[in-house]
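Engineer: Please arrange chain D on chain U, whose structure you already have, making use of the hints.
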Amino acid sequence: METEMKLKAAVVPIPAFALPPVSLRRRATDHAMTALALLTVALVLLPLFAIFAYLVYKGIGSLNLAFLTQTPKPVGEPGGGMANAIVGSMVILAIASGMGVPLGIGAGIFLSEYGRNRYGNIVRFVSDVLNGVPSIVVGIVAYGLVVMRQKHFSAFAGGVALAIMMIPTIARTTEQMLLLVPQATREAAFALGVSRWRTTLSITLRTATSGIITGVMLAFARVAGETAPLLFTAFGNQFWNWKTDQPTAALSLQIFTYAISPYDEWHRQAWAGALVLIMLIVGAVAAVRIAVRHGTLART
Amino acid sequence: MPNQASSRLRFSAPEPEGDRNIAAKVKTRTASLLQGKVSEVPDMIFSGVMWFCGAAVVTLLGLIVYQLVVGSQLSWHAFGWKFFGQSDWNPVSDQYGALPFMFGTIVSSLLALVIAVPLSLGVAVFITEMSPARLRGILSFTTELLAAIPSVVYGLWAIFVLVPILRQYVEPFLAKTLGWTGLFSGAPYGIGMLAAGTILAIMIIPIISSITREVLRVVPQHQREAVLALGSTRWEMIRMGVLRNARAGIVGAIILGLGRALGETMAITMVIGNRPEIAKSLFAPGYTMASVLANEFSEATGDLYLSALIEIGLALFFVTIVVNGLARLMVWSVTRGQPARSVV
Chain U
1 METEMKLKAA VVPIPAFALP PVSLRRRATD HAMTALALLT VALVLLPLFA
51 IFAYLVYKGI GSLNLAFLTQ TPKPVGEPGG GMANAIVGSM VILAIASGMG
101 VPLGIGAGIF LSEYGRNRYG NIVRFVSDVL NGVPSIVVGI VAYGLVVMRQ
151 KHFSAFAGGV ALAIMMIPTI ARTTEQMLLL VPQATREAAF ALGVSRWRTT
201 LSITLRTATS GIITGVMLAF ARVAGETAPL LFTAFGNQFW NWKTDQPTAA
251 LSLQIFTYAI SPYDEWHRQA WAGALVLIML IVGAVAAVRI AVRHGTLART
Chain D
1 MPNQASSRLR FSAPEPEGDR NIAAKVKTRT ASLLQGKVSE VPDMIFSGVM
51 WFCGAAVVTL LGLIVYQLVV GSQLSWHAFG WKFFGQSDWN PVSDQYGALP
101 FMFGTIVSSL LALVIAVPLS LGVAVFITEM SPARLRGILS FTTELLAAIP
151 SVVYGLWAIF VLVPILRQYV EPFLAKTLGW TGLFSGAPYG IGMLAAGTIL
201 AIMIIPIISS ITREVLRVVP QHQREAVLAL GSTRWEMIRM GVLRNARAGI
251 VGAIILGLGR ALGETMAITM VIGNRPEIAK SLFAPGYTMA SVLANEFSEA
301 TGDLYLSALI EIGLALFFVT IVVNGLARLM VWSVTRGQPA RSVV
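Going line by line, the protein sequences match chains U and D.
Count the first sequence with our numbering and you get residues 1 to 300, in order.
Count the second sequence with our numbering and you get residues 1 to 344, in order.
If you are wondering where the hints come from, they were derived from the structure by calculation, not from laboratory data.
Among the hints, erroneous ones may be present.
Quick partial rundown of chain U residues pointing at chain D, CB under 8 angstroms, derived from the structure [to be verified]:
{"no.": "1", "residue": "D30"}
{"no.": "2", "residue": "L48"}
{"no.": "3", "residue": "V137"}
{"no.": "4", "residue": "L231"}
{"no.": "5", "residue": "I260"}
FRET-style restraints, in silico, Cβ to Cβ [what the hints assert, rightly or not]:
{"no.": "6", "chain 1": "U", "residue 1": "H31", "chain 2": "D", "residue 2": "V69", "range": "54 to 62 angstroms"}
{"no.": "7", "chain 1": "U", "residue 1": "H31", "chain 2": "D", "residue 2": "F160", "range": "37 to 45 angstroms"}
{"no.": "8", "chain 1": "D", "residue 1": "W332", "chain 2": "U", "residue 2": "T214", "range": "19 to 27 angstroms"}
{"no.": "9", "chain 1": "U", "residue 1": "N64", "chain 2": "D", "residue 2": "L135", "range": "36 to 44 angstroms"}
{"no.": "10", "chain 1": "U", "residue 1": "T214", "chain 2": "D", "residue 2": "R136", "range": "18 to 26 angstroms"}
Even glycine gets a Cβ: it sits at the ideal position worked out from N, Cα and C.
Next up, chain U with everything else stripped away, as it sits in the complex (with noise of 0.2 angstroms):
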């Protein structure tokens, strides 16, 4: 109430001789210019919508019980799913949260606990510059690392290839999320005479760990859409596999490899997983909000 009193106060009615008029020219450009920035975000906005509608429109028709649970037919025989790509998929990503999530955090404890120095200038430089690395890239790199060495594609290489990927990411958003902690925290820590790894673990990274999770969630989210990493790490696969080292079929190279096929079948089964592909990456983002805020997470 008294703070509606005060604005009101200090928006005093400019006297009318105090400024000349704006002229019309002017008034019209303020105008059009407002009207131009509505323009790009609507146009901005219309591919967005687009791609869902479509999404959901082709991807519904197309999904049912058989996809889910069925390997893909061969050509010109209608039916068939992509269940193996889904599990193929989940298990690239669990190989790559595996190996990158422990990786990353720890290197987010190192910049933010350890790294306020030319070490951590060099360390914080290196993850910048591996964040803007082209998936395709690491994809090569991965395929000399693994595969060359395995002489055969495998779910391995393609989850080398996706840690990568998520190290750089988990480590910057790690240290963020430390940094907020008040260094208060910690020092209340070691007063109680806690020794200082103990701090880190139970205090610092403990209070921290909902935006850390949600870092994490980030990473994962941006990596399980991945396919170009894939093409020559995992490569793809037609049947069921449960080896970690036989190539494997994720649900991203599958929706490549339909796509550009010829066949109408394929197409709409192209559709069908994208829909999967993003309502996995959506539904697992979510979750694991969801789990944070209700401090379930948090609280373990």
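Structural biologist: Quick look at chain D alone, frame taken from chain U:
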């Protein structure tokens, strides 16, 4: 003795660079001295592990460079600098030149920038300066959703929606009105450089607009107020008070978008036509550095072929590193050291 302990238990937790909080430092140092019973071994192990993680990041970059450089040796020795000046790409006769791919990458990225820059700037200006507060959150969230869509899904949509639209409506129209420039001539296939540039533009809009927004936000409020107080209209305020102050940061945002565009692979591979040609018309099919890797790497027979592909990867890596480094410096110069929030 106490000296030694203090040096070992030295406290060097995060502090804002520049002004070091000496009082707090002394306090914690005394605290750790007073209860000198804590074993230091676990602390050393822990910090060792964390150092290892930090070193791993650097090693990773080293590995990438090593792999690319070693892998491309064969091709480098065979062609030298000529590799980047030749437009012959023939696996049968083992002749490799990267020129058509470099041309495709540069043209598609520039085309994407031409389309994306005005749109993203408009969106950023609208969200930070014009939009009602209630709309602001929703709009920035929705534009950032664009960044969460996987590249392959963009490609899928481009093949079945964008390309037919370009073929039926946009390209005939462009040919009729701007055909005389030579940029829009030839048969309107839909698939080609124009389609690649368009889908690429849609993909980099969220990056450019979100970083531009970040940059506009750090322009001090009193800059706006000062210009308004001189009797300017809102647009004049935006032009003189905001955009002019944020120029370097906006350029940085655009270059960051360029960095993303250069390395983008899947969506482009699906619509550019994949033909190593240098054509003047934007309707013609092309090929990019990333696309040739995506299409030919796993099928490359012969060591020289593979090595030539890896050399293209090395060039792509090098260019994106330079472009990104430049962009970060420019964004930093405006946001004053705070790194721009990375987009999904």
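Engineer: Hint says 37 to 45 angstroms; check whether the CB-CB distance for U/H31 and D/F160 agrees.
Structural biologist: holds (39 angstroms)
Engineer: With chain D as the partner, please determine if U/I260 meets the hint condition of a C-beta pair closer than 8 angstroms.
Structural biologist: Constraint on U/I260 satisfied, holds at 6 angstroms.
Engineer: Quick check on a hinted range of 19 to 27 angstroms for D/W332 and U/T214, using CB atoms only.
Structural biologist: holds (24 angstroms)
Engineer: Using the C-beta atoms of U/T214 and D/R136, is the stated range 18 to 26 angstroms upheld?
Structural biologist: Since the Cβ atoms of U/T214 and D/R136 sit about 21 angstroms apart, the hinted range of 18 to 26 angstroms holds.
Engineer: Do the numbers back the hint for U/L48, that is, is its least Cβ distance to chain D under 8 angstroms?
Structural biologist: holds (5 angstroms)
Engineer: Please check whether U/H31 and D/V69 have a Cβ separation lying inside 54 to 62 angstroms.
Structural biologist: For U/H31 and D/V69 the Cβ distance comes to about 57 angstroms; the hint holds.
Engineer: Given U/L231 as an interface hint, is its Cβ closer than 8 angstroms to any Cβ of chain D?
Structural biologist: holds (6 angstroms)
Engineer: Given a cut of 8 angstroms on the nearest C-beta pair, is the interface hint for U/V137 held or broken against chain D?
Structural biologist: Since chain D brings a Cβ to about 5 angstroms from U/V137, closer than 8 angstroms, the hint holds.
Engineer: Is 36 to 44 angstroms respected by the C-beta to C-beta distance linking U/N64 and D/L135?
Structural biologist: holds (39 angstroms)
Engineer: Holds or violated: is there a CB of chain D closer than 8 angstroms to the CB of U/D30?
Structural biologist: holds (4 angstroms)
When the structure is compared with the earlier hints, no violation turns up for any of them.
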